[in-house]
Amino acid sequence: MVFRILHSFRLLGIALDGTPRRGLALNLAMKKNAIYLDYNATTPVDSQVFAAMEPYFKDLFGNPSSASHQWGWTAESAVQKARNQVARLIGAAPQEIYFTSGATEANNWALFGLITKIKAENPNAPIHILSSNAEHSSVLQTLKMAQALGVEVDFVPVDSTGRVAVSDVKKLLKPHTKLLSFIWVNNEVGTLNPISELVELAKENKIYLHTDGTQAVGKIPVDVQNIEVDLLSFSAHKIYGPKGVGVLYIRSKNPKVQINAHIMGGGQERGLRSGTLNVPGIVGMGKAAEIASEILVSENERQEKLRSYFCDLLKSEIPEAQINGHPTERAANTLNIYLPDYHPSQSLGGLQNLGVSAGSACASGSVSLSHVLKAMGKSEAHIESSIRVSMGRETTQEEIQEAIAILKKLSTAKETSVFN
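For the sequence shown, position 111 (counting from the first letter as 1) is numbered 110 according to numbering that gives the first Met the number 0, and the numbering increases by one without interruption.
Bear in mind the hints are in silico, worked out from the structure with no lab data behind them. Don't take every hint at face value.
Said to hold, decoys possible - When the alpha-carbon atoms are kept at most 20 Å apart in a straight line, the in silico DMTMM-like pairs for lysine to aspartate or glutamate are as follows:
hint, residue 1, residue 2
1, K173, D153
2, K170, E120
3, K80, E393
4, K242, E199
5, K304, E393
6, K169, E199
7, K252, E289
8, K173, E151
Quantities reported herein were computed from a predicted structural model and do not represent experimental measurements.
Throw the hints in and build the complete structure from the sequences for me.
Quick look at the structure:
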């Protein structure tokens with residue numbers, strides 16, 4: 000109850016003393032001693048990315064669809080360069096890259112685009128889709144809407160680590176199964192799904208496979224030539240690019256994947272996603288992809304060491320803490336931690352200088368419990384006492400030490416009521 004009340008205060012933008020929290024949030028953002036460990040929610044724009052974007056806000060302002068003058072040609076050239084940069088990051092061909100407003104749109108488009116394409120070709124054919132109950136909300140909500148429109152959807156349960164078993168997926172296949180949609184790296188607990196094995200299962204049964212790769216691309220090796228997913232969604236702002244731009248990868252051969260247009264209009268993005276392109280954002284995403292390609296291996300190794308250091312220190316300082324998620328099959332930067340004596344009512348005070356999350360960024364403004372931890376079989380008390388820590392390029396050992404010290408204080412504090 001206390002958690003619900005405090006969360007409602009936060010949603011209203013009100014501090015416990017009744018004052019607006021916006022000014023408090025701005026002040027906290029300016030504090031030099033604040034520690035940001037919520038990189039799965041968003042990342043800061045890399046300085047090189049910002050420098051690449053800046054000219055396209057003012058001097059190079061052309062519309063890439065303006066094919067009759069140099070302003071349009073310059074913009075189109077910049078978009079094509081970015082398309083090439085993004086394609087290289089995931090081993091794709093440039094013509095397989097379609098720019099969107101982010102992974103949420105890309106997920107919606109991948110699912111509905113394929114459903115409507117199949118329906119258009121055979122209106123009476125049944126469609127069955129398999130996904131999991133631990134997907135990102137943009138997938139879950141889209142599939143629930145598809146169910147309301149008559150599409151048959153089954154949600155494969157995940158195990159206690161948040162991972163899907165290929166054998167469970169195989170058991171639920173039907174003659175009219177058309178699509179598998181499974182997240183590559185879970186955004187809340189960091190667990191990796193066996194995407195390579197799921198791809199093989201899909202190919203054996205001539206089924207399409209879509210994956211939400213938002214927490215995978217730029218963080219772990221993703222090569223669509225080696226792991227032949229058919230549809231892949233991801234965002235720029237998870238890889239130190241700008242918010243408001245993302246990608247849907249659509250395989251062009253072996254097999255050639257065809258989905259229906261998503262937004263109708265002027266025919267941009269080869270007629271599949273109309274609307275004037277966000278040139279500065281796309282340029283930024285391209286540069287972010289280029290940087291990620293260059294440092295992926297070294298940064299992944301560095302963050303694995305940081306994660307191990309975090310776990311060792313956590314075990315030493317807070318022995319009763321537990322890690323939610325798979326012990327080994329996980330992203331290097333993500334930890335979801337259960338602190339038995341931690342209560343969420345303390346988050347408005349004790350966590351002011353520590354940027355962590357109680358779940359995905361899309362759900363952090365909601366009073367609902369984490370659906371991912373719930374799908375993993377965790378109790379309500381366990382879920383309410385769990386936080387997500389996600390590290391980034393700027394995270395240091397010193398910050399981890401300070402973060403553990405803050406968590407240790409919280410884990411030993413007692414819950415207090417707002418009415419005391």
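Outcome of the hint check:
no., hint, verdict
1, K173 / D153, "holds, 10 Å"
2, K170 / E120, "violated, 27 Å"
3, K80 / E393, "violated, 27 Å"
4, K242 / E199, "violated, 33 Å"
5, K304 / E393, "holds, 14 Å"
6, K169 / E199, "holds, 11 Å"
7, K252 / E289, "violated, 24 Å"
8, K173 / E151, "holds, 10 Å"
Of the numbered hints listed earlier, those contradicted by the structure are 2, 3, 4, 7.
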